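**Student:** So the chains spell out like this:
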Amino acid sequence: MLKINNLNVKLEDEDKQILKGVNLEVEAGKVHAIMGPNGSGKSTLSYVLSGKGGYEVTEGEAHLGDVDLLDIEPEERAAAGLFLAFQYPVEIPGVGNMTFLRTAVNAQRKARGEEEMSAAEFLKVVRAKAKTLKIDADMLKRPVNVGFSGGEKKRNEILQMAMLEPKMCILDETDSGLDVDAMKLVAEGVNALRGEGRGFLVITHYQRLLDHIKPDYVHIMADGRIIKTGGPELALEVETNGYADILAEVA
Amino acid sequence: MSAVAETSNVTDERLAGLTLPTGGWSDAARKDALSRVQASGLPSRRDEYWKYTRPDTLTQAVPIPAAVFHNDEGPLFDTVERLKIVFVDGVFDAEASDDLSLEGVNIERLATADVDIHWARDVYGVLEANGQKPVLRPLAALNTAFATDGVLIHVTGDASKPINLIYLHKSETSDAILHHVVKLDAGTNLTILETGPAAARFNKVMEVDVGDGAQFHHIRAQGRDHERRAATHVFARLGAESIFKSFTLTANGVMTRNECIIELTGDDAKATVGGACVGNGDFHHDDTVFITHDAVNCESRQVFKKVLRNGATGVFQGKILVKAGAQKTDGYQISQSLLLDGDSQFLAKPELEIYADDVICSHGSTTGAIDETALFYLQSRGVPKAVATNLLTLSFLTEAVEEIEDETLRAEINDRMAAWLERRSS
Numbered sequence: 009m010l011k012i013n014n015l016n017v018k019l020e021d022e023d024k025q026i027l028k029g030v031n032l033e034v035e036a037g038k039v040h041a042i043m044g045p046n047g048s049g050k051s052t053l054s055y056v057l058s059g060k061g062g063y064e065v066t067e068g069e070a071h072l073g074d075v076d077l078l079d080i081e082p083e084e085r086a087a088a089g090l091f092l093a094f095q096y097p098v099e100i101p102g103v104g105n106m107t108f109l110r111t112a113v114n115a116q117r118k119a120r121g122e123e124e125m126s127a128a129e130f131l132k133v134v135r136a137k138a139k140t141l142k143i144d145a146d147m148l149k150r151p152v153n154v155g156f157s158g159g160e161k162k163r164n165e166i167l168q169m170a171m172l173e174p175k176m177c178i179l180d181e182t183d184s185g186l187d188v189d190a191m192k193l194v195a196e197g198v199n200a201l202r203g204e205g206r207g208f209l210v211i212t213h214y215q216r217l218l219d220h221i222k223p224d225y226v227h228i229m230a231d232g233r234i235i236k237t238g239g240p241e242l243a244l245e246v247e248t249n250g251y252a253d254i255l256a257e258v259a
Numbered sequence: 068m069s070a071v072a073e074t075s076n077v078t079d080e081r082l083a084g085l086t087l088p089t090g091g092w093s094d095a096a097r098k099d100a101l102s103r104v105q106a107s108g109l110p111s112r113r114d115e116y117w118k119y120t121r122p123d124t125l126t127q128a129v130p131i132p133a134a135v136f137h138n139d140e141g142p143l144f145d146t147v148e149r150l151k152i153v154f155v156d157g158v159f160d161a162e163a164s165d166d167l168s169l170e171g172v173n174i175e176r177l178a179t180a181d182v183d184i185h186w187a188r189d190v191y192g193v194l195e196a197n198g199q200k201p202v203l204r205p206l207a208a209l210n211t212a213f214a215t216d217g218v219l220i221h222v223t224g225d226a227s228k229p230i231n232l233i234y235l236h237k238s239e240t241s242d243a244i245l246h247h248v249v250k251l252d253a254g255t256n257l258t259i260l261e262t263g264p265a266a267a268r269f270n271k272v273m274e275v276d277v278g279d280g281a282q283f284h285h286i287r288a289q290g291r292d293h294e295r296r297a298a299t300h301v302f303a304r305l306g307a308e309s310i311f312k313s314f315t316l317t318a319n320g321v322m323t324r325n326e327c328i329i330e331l332t333g334d335d336a337k338a339t340v341g342g343a344c345v346g347n348g349d350f351h352h353d354d355t356v357f358i359t360h361d362a363v364n365c366e367s368r369q370v371f372k373k374v375l376r377n378g379a380t381g382v383f384q385g386k387i388l389v390k391a392g393a394q395k396t397d398g399y400q401i402s403q404s405l406l407l408d409g410d411s412q413f414l415a416k417p418e419l420e421i422y423a424d425d426v427i428c429s430h431g432s433t434t435g436a437i438d439e440t441a442l443f444y445l446q447s448r449g450v451p452k453a454v455a456t457n458l459l460t461l462s463f464l465t466e467a468v469e470e471i472e473d474e475t476l477r478a479e480i481n482d483r484m485a486a487w488l489e490r491r492s493s
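Here the protein sequences line up with chains L and Y, keeping their order.
First residue of the first sequence: 9, per my numbering; consecutive thereafter.
First residue of the second sequence: 68, per my numbering; consecutive thereafter.
Simulated from the structure, these hints should not be mistaken for lab results.
Keep in mind that this is a model prediction, so the values were computed, not measured.
Misleading hints may appear alongside valid ones.
Dumping the calculated DSSO-like pairs for lysine-lysine here, alpha-carbon to alpha-carbon at most 27 Å [as the list claims (entries may be wrong)]: (1) Lys452/Y <-> Lys149/L; (2) Lys228/Y <-> Lys118/L; (3) Lys192/L <-> Lys175/L; (4) Lys200/Y <-> Lys60/L; (5) Lys60/L <-> Lys142/L.
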């Protein structure tokens, strides 16, 4: 589903190479995890795939199904089925969470030539999905992420994911800033969306998220490349020994 | 030619084109105002108070014509139960207006109130004259002298619905001078809505005397005519525990200077003045505010937001003066602009002058572009860039609109702004 081929990326404003030939394929219905030390390029990968400005692709390509991701606007990537759950969800004062969600859902439907969701239908669906994520009516009414706790922000990300029903989800350190209970809640939300041919790329520092969201594959990223790929046991190895052994092994 | 001579020429020419109404209870106030204008002269671009806004087109004898904008939107506040008073190019339109009777309120017209109205005589030109210190406002004095009409509103109870002053602009060369006086007795309540461009050039003064414990709400939308010009003044005096709230929405208009002069004279009074403006291209909008705290434990808020593009200019001059003895004053002032391109400019002059020692006063002014991070966040959810920009623009303006207390009126303003933004980008 998601195919990344020899992706090389540098910062637009400085001569600094961040990704140095990333190759990765996420099949439909599979969960891939990417782990790696700070500064290895994990978040950059998620930003470049979703179209954030400030980066320059110097080589390589990325496709979602037949769609050439790197050639189109962020909103077009979203409409094509890509979703990024942000490490730091953005606060938008003055825009109601509900308005935001409905604008997003209907913008994507419109872009895909589908019929827009009516206000009543939308309300019904959003209420049901919010309930399972323990998001109350007040959180839906408040401005997007404003005054939300860390956990509320992350749950709000998962709610957006649930409403937008993407084909391919990238979770960028969704576990950061979460306590154990909040992490469980978020993981349950993600697990509820697994299957149905949906692909996941879960970026994390820690094995503990992967206890809750069980990956099919684990990749270790360092210095802009994927240096090792394995099964879930690779995450456990990192948890026990840190990255040093693996880095030494491939060096 | 010297600056003084130039000013006096402009003033002479402007005064020569006007006729002083006589024969009524307002005669003394008008004559006094005229002598004040003659003494000070009209503002010139050398005046410090007009440093950022050129007054020429507001003071010249004959106004520059302004094309009439064909508005295909429905009237603002159409869903709101209200008493309509209509002026077309500054001339009262009896046919289009409702009957001037409203429970709890006495309404007269300045042009026809020929019997002596004692309460109005105590306010007409009085708050305006008082507001000339320490800064001169000659256009307001000119207004007091030459106003051809306006409404005199005496509130003796709780007004059962808002009064909507509707200003239609139908003549390309109209030059209107209107002067309204509002007096709220202690404990009463009134909302005034003002809508429309009024004229090719509009000079308007509203004097508001808010009695102890009374509440005055003012919501204004200045119309979308691109070429119109306006100089407006609101002078307010607040009694103890009274509330004054004024909000102005401005979109388009080649030249606007809105001055608001508020004096908190009774303890525990609260004043809020705010505005949201959206300017594109040949657009100059100036909000000038002067708030004087002259009583204990009063609160004042100034919240102004401007969205500017294609070479538009926004100006904010806001001052809080806290007099000696005005302890426990809480003064807040924020003026912000969102520049949608590199051509536009925002000029701000926040001022605080404080003579009391137990006071909280804060002011802030910012200029910025659309937040790229927020933009990307919205786009990553599938919201097209243009729509996302509109949402963020609206959210920027919302902080000022939030100052409107009534939920229905606030929603009307928000919906109108959203429709404008959507139309512009579609």
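**Student:** With a cut-off of 27 Å on the C-alpha distance, tell me whether Lys192/L and Lys175/L pass.
**Tutor:** holds, 23 Å
**Student:** Has the given pair, Lys200/Y with Lys60/L, been kept, meaning a C-alpha gap of at most 27 Å?
**Tutor:** Violated, because 54 Å separates the two Cα atoms, which is more than 27 Å.
**Student:** Next pair to validate is Lys60/L with Lys142/L; report whether the Cα-Cα distance is within 27 Å.
**Tutor:** Since the Cα atoms of Lys60/L and Lys142/L sit roughly 30 Å apart, the hinted pair is violated (cutoff 27 Å).
**Student:** Quick one, are Lys452/Y and Lys149/L close enough, alpha carbons at most 27 Å?
**Tutor:** Judged against 27 Å, a Cα distance of about 23 Å means the pair holds.
**Student:** Given the hint that Lys228/Y pairs with Lys118/L, does the C-alpha gap stay at or below 27 Å?
**Tutor:** violated, 42 Å
Checked against the numbered hints given earlier, this structure breaks hints 2, 4, 5; the rest are met.
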